[in-house]
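Peer 1: Sequence:
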Amino acid sequence: FQLLPGVASQFKIELPEKQHLIVNELKVKPSDSAEKVVAYEFPIGGTGQVGLKITEQSREQANDSLIFARSGIGISVSPGKVAWQAQTTLSIFGQSLDQLVLSVPQNLEIISVESTGLESWVLNDSMQDRRRTEITLNYRQPVEGERQIICRGVMTTQADETWQVPNLIIEKVNSHVGSVLIRYPPGVRLQVEKTNDVRRKAMQDSSRDKRSKTDPGLDYDFWQQKFEISLVTQEKRSEVQMAASTVVDLNEQGMDLRLVTTVESLFAPMFEFQMKIPAEWTILGASLQDKEIDWKESSREAGSKLVRLSFPQPLPANQEAKVIVTAHRDLENWPPESESQLLNIPQVELPQAKILEGSLIINADSDWDLVPSELVNLEPLQEQIPQMRFGYQYQDNQYSGSLNISRKPLQLAAHHLQYVRLDPTTLFSHFETTLNVERGSYRSLMVALPESVSQDLQFRLINAAGKILEQVAQEPQNGVRVWTLKMDRRLSGKQILSVTVEQPRQKGEAVIVPQLQIMSADRQYGEVAFEAEGDQRLKIKATGIRGQTLATIDAAELPVPVAYQPQERIVAAYRFVGIGHQIEVLETRFNQTAVPTAIAHLMSLKSVIGPNGEVQNEVLLHFSAVGIQALQISLPEGAELLSALVQGTPVEVRKTENAFIVPITSDVQEHNAHTLQLLYDANRLMTQESNQLSQSPPRISVVDGTGAIQPLQVLNQTWSILYPYDYFVSASSGDFVPDQPLPRLGILENLRQHISLVSARSVFYRSMIIFFLVITIFVSIFAFRKGGFSAVITLLAGLCLLLAVIGLIMDSGMRASSREVSISQGEAPLPSAYYLNDGVEPQEGTDVRFRDTTVPLGGDFDLNVQHEAAPTTHPEEGLTYGSQPAEVANQRLLMKSKRRIEGGKVFQQSGQSPRINVTRISPDSSIQGKATDLPGRTAGEADKKENGDQLDVANPERALGGRLSVIASLPQPEKFRSMAFQYYGEPQEQPLSLQVSLQQARSSQKFFLAVMFGVLWAGWLLRRLACYHKLLLLLAGVLLPVACSSLFPVRFQPVLDGLFIGTLLTGVLWGIEWLIRTLKREFKGAMKTPSTKQATIASLLLLGFIGTNSTPVFAQKKPIAVEAQHQTIDSLPTLPQNLIIPYETGTDPLASQRIFLPREEFKRLWNAAHPDQPLNQETDSLGAISQALYSAEVKPGAEPGQAVVHITGRLVIHTTGSQPVTIPLPLGKAALSSATLDGKSATLLTHPLNQL
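Quick note on numbering: the sequence shown equals residues 1 to 1252 in the numbering used here.
If you are wondering where the hints come from, they were derived from the structure by calculation, not from laboratory data.
There could be a bad hint or two in this list.
Below 30 Å or equal to it, Euclidean Cα-Cα: the simulated DSS-like pairs (lysine-lysine) are [to be verified]:
#1 Lys-36 <-> Lys-18
#2 Lys-276 <-> Lys-236
#3 Lys-194 <-> Lys-81
#4 Lys-29 <-> Lys-12
Ranges between beta-carbon positions, derived for each pair [unchecked claim]:
#5 Ala-413 <-> Glu-470: 19 to 27 Å
#6 Glu-357 <-> Ser-304: 16 to 24 Å
#7 Pro-43 <-> Lys-18: 20 to 28 Å
#8 Glu-228 <-> Pro-43: 51 to 59 Å
#9 Lys-18 <-> Glu-228: 41 to 49 Å
#10 Leu-1065 <-> Cys-1044: 18 to 26 Å
#11 Lys-18 <-> Gln-1202: 56 to 64 Å
#12 Ala-413 <-> Gln-506: 36 to 44 Å
#13 Asp-554 <-> Val-482: 32 to 40 Å
#14 Thr-262 <-> Glu-228: 37 to 45 Å
#15 Glu-193 <-> Phe-68: 26 to 34 Å
#16 Pro-43 <-> His-1214: 37 to 45 Å
Remember, it's a predicted structure, so these values are computed and weren't measured experimentally.
Just so it is clear, CB atoms sit at the ideal spot from N, CA and C, and this is done for glycine as well.
Construct the complete structure from the given sequences, taking the supplied hints into account.
Peer 2: In structure tokens, the structure reads:
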């Protein structure tokens, strides 16, 4: 390893238990030995290099003598010559050698031998084999370990004769293995005749699409040093392949030619490139592989010349090269303006190419017409190339053709975009005309404007290649002045012509909007846009060519201008086709009025109503404001603010006499859109008698930059309420109206929805069932009159049997049809009646759902979420913080605490609804929990006499400081009903109101049962009526509730349902009574008839029992004895008054890891907790550096090229105690010129480690 010199460090490494470590040829003992791991640790400082060796032997053995060799033999074959190189690595074990003997075939001429420590090498004929040559290597010192030997040699071969690959034999070697790599150029073919003691390697197949960049070859592995490989060398013939692409470009200057040729010589190198070209062409340049090269021209034939490009280096065989040649031809009478011209296609010949693939591409400007003729050996090119007019392909040099060239006539379309603005004294017009040249080109352009326009105009071309060289204004004719614009070149395609016109005008007069006309355009169209200021109104009269009104368009449909940005708002836009329209504009200006500094886009209110009628509200206000100081919020009377967030961040709220002030800082006003979130308690409970919810949104005003208060207009207001599932909204009044009609719950509503969901097929089936029932009743009556009671029973039994058989047959069909109907129409949930669901019984089920599904806010925001099931015992007036038991004061979250204190009274309810409980704060204190410095109380303690509130000793952590602004939101209980309300009127200054009537399912059930049993009782009393009157009563009792269900308010729905169900039951009762009376006639004397008085009394008793209120009664819980708490009141220590606990907003202060207190208090607490280690202010003296400031200045040194850095430092040092303190200053290697302490000279002590 290479290390930094002069750095002291330790090196640690862990190895398996059976391995050993040698560092710099020295064995190191392990520092620690575990079960399977051995740890080594040793110093490595002072040296720049460290060598590590890991071995499995505890000490090296040198008893055995072994020599292993591994060789890599490389052969480079070319016609008549072979280059040979062997790279051998010897591994010598158990001995050291100063001489080695190698042998190679005698026909191999060794030219060099390289090895580390080699003194000399000698070639001798081998005594053992006369056909080999021995190479004796002499080393300066004995060789041991590994040593590398490189031998190089050459040999000659005969074409088409067998020769053997030279092998390398090393004497006294135990093992000699290796590989043979044979390479030959692509122009040589190598044939394998015989192999022995070798195995050929599998070579990777190169892709067919990509040519290999390396020479082909053969690879072998040998395991005996006397291996044998016999080869035959054959030479391939040379061929040249070319792929040529000729591009001819016709332009305003003449004809340009570009020849791109890909050249490849097979089996032999290539030295030059040759081409023939017509004599009238001039060579401009040539390049090989993107590098310029020289060329020579010679004329061997009339009308053509030979161009020869000599390569700087021969191009190797089987390697591609790209040759590029550019040429130009000047033409006579060029370019043609009116007449056509005939030109020959240039013929480029490549005489060296044996295999040729060529393409000819002809490009020309878009305003030229080309007609090819007399084409020979040229086939159309199938591929389409950008900007190609014609393309051909050929496969030999004998091709020809001609082109007939003429200029296209100009075809121009103009798209005008005009912006008009009426300034106080001028008429401003900006034109941007897009010129689309669909055919041909132009070099001059004629533009017309009204003669009232000034001549000093500046026409410009935007984002165009050409420029306007000259613009000449002609004399006006027929009220129009024409400008002639001359360009620096011929233009085609798309250009944008821009000009700005300003005309003086008289105030109050109508003006005519100027229009721009392109004289040479075949088609003109465009748009005109009018800008207007905020206090300006325009009266526009736009007339077309034929007297029609121009079509108006939206401002969003206008094209985006390129060189103009509208200064004012777009008030009108017109589209015209053709030139000749007339637009007249008349303006009216209004006096300016003040603009409000703030406006509210949306105020969303949400109210959660608990099972016991308590209400909590949340307000989310989206408003836009500029330059305001604060928002003034006036809550409804009796409301208590719990949280205020601006942009999702708690803010410090100040309370005035009648409102709260929420500051809006400058950083919040960087973006115009703001959000304000309020959470407050309405302090209003719905009583069981009224069930009325009356709420008003808070009134919000704006405090502007001058301190004035302005009302904040709210454009849109929404209100949503969440109430328990056992309630429903029966009526709504006030300014807020429901988004949807009030839901009607009941049997009639369920019946109506059920009928609306029934398909036509189901209606048919049910009608058939009713029809058969009616037929059965009439048949039964007829059978009874004819045959008596036995005949009726027999008939009914037969019908039941018949219906059972039919039901079994039709059961499968009915199920399939019902599935089809449900799939086609979709499943629709039916609302359950408020007196038929399982939530009507005891109300505790609803309370449990409210409790379990409410989001617990206390865990996230350190609030008290409490369940108010048990009565709460509030403390007496004489209690203080020091009079509470210590175990109660240490609790963080208390399950039972007071809910809200107002005027010294505690409101206690039996419901179990979670609430947000925040300790109230004095109006003079900050909403962020800052301490209020009042004598005789702790930080954050509220004034008892001013507020009349009693302190909650069960929550001591809140007694040290209340936080009003917290990141909290309303609980979102599940299985609650919700309803949204909307205010559709205009913004008003007086407060709005939300009036909602809630009705409980139990009270609705009472009305329903009372009406139902009343109808039954009346039906029982009217049982003696005639059958005709009974049918009329039944018909009225069924149809009247159904007809009035949609007309009456929701609160009358239980009465209608009771009347409907009571009527149906009355019909059933009358039917049963008729059946009993009939049976009595059949069995006379078997039953004793009760009197009318007895029947009436029994029915009244039954009705009274059913209608009795079944409200559950709970036993009173045993009160908690307060006297037990007074026994340990004096044991709680007095809380300190000067503690500072840092915490972030939204976190629990008790979870803070730091507490700041004065040093005297810290010493007192430390000495009380550690009496064996007391702190003494007089003897302990400490010092610390709290701040360091440095200023550096670079100045020239005494000698040239040197620099000196002058540093001035300022250190702020804090010390404690009365004794002198020595503080180390690690300034490093620096020369101090001066040091002062409080303006006086400081005492400095030097230290060996360059410290002071």
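Peer 1: Decide, hint by hint, whether the structure agrees.
Peer 2: Hint check results:
no.	hint	verdict
1	Lys-36 <-> Lys-18	9 Å, holds
2	Lys-276 <-> Lys-236	29 Å, holds
3	Lys-194 <-> Lys-81	20 Å, holds
4	Lys-29 <-> Lys-12	12 Å, holds
5	Ala-413 <-> Glu-470: 19 to 27 Å	25 Å, holds
6	Glu-357 <-> Ser-304: 16 to 24 Å	22 Å, holds
7	Pro-43 <-> Lys-18: 20 to 28 Å	26 Å, holds
8	Glu-228 <-> Pro-43: 51 to 59 Å	58 Å, holds
9	Lys-18 <-> Glu-228: 41 to 49 Å	44 Å, holds
10	Leu-1065 <-> Cys-1044: 18 to 26 Å	19 Å, holds
11	Lys-18 <-> Gln-1202: 56 to 64 Å	59 Å, holds
12	Ala-413 <-> Gln-506: 36 to 44 Å	37 Å, holds
13	Asp-554 <-> Val-482: 32 to 40 Å	34 Å, holds
14	Thr-262 <-> Glu-228: 37 to 45 Å	44 Å, holds
15	Glu-193 <-> Phe-68: 26 to 34 Å	31 Å, holds
16	Pro-43 <-> His-1214: 37 to 45 Å	40 Å, holds
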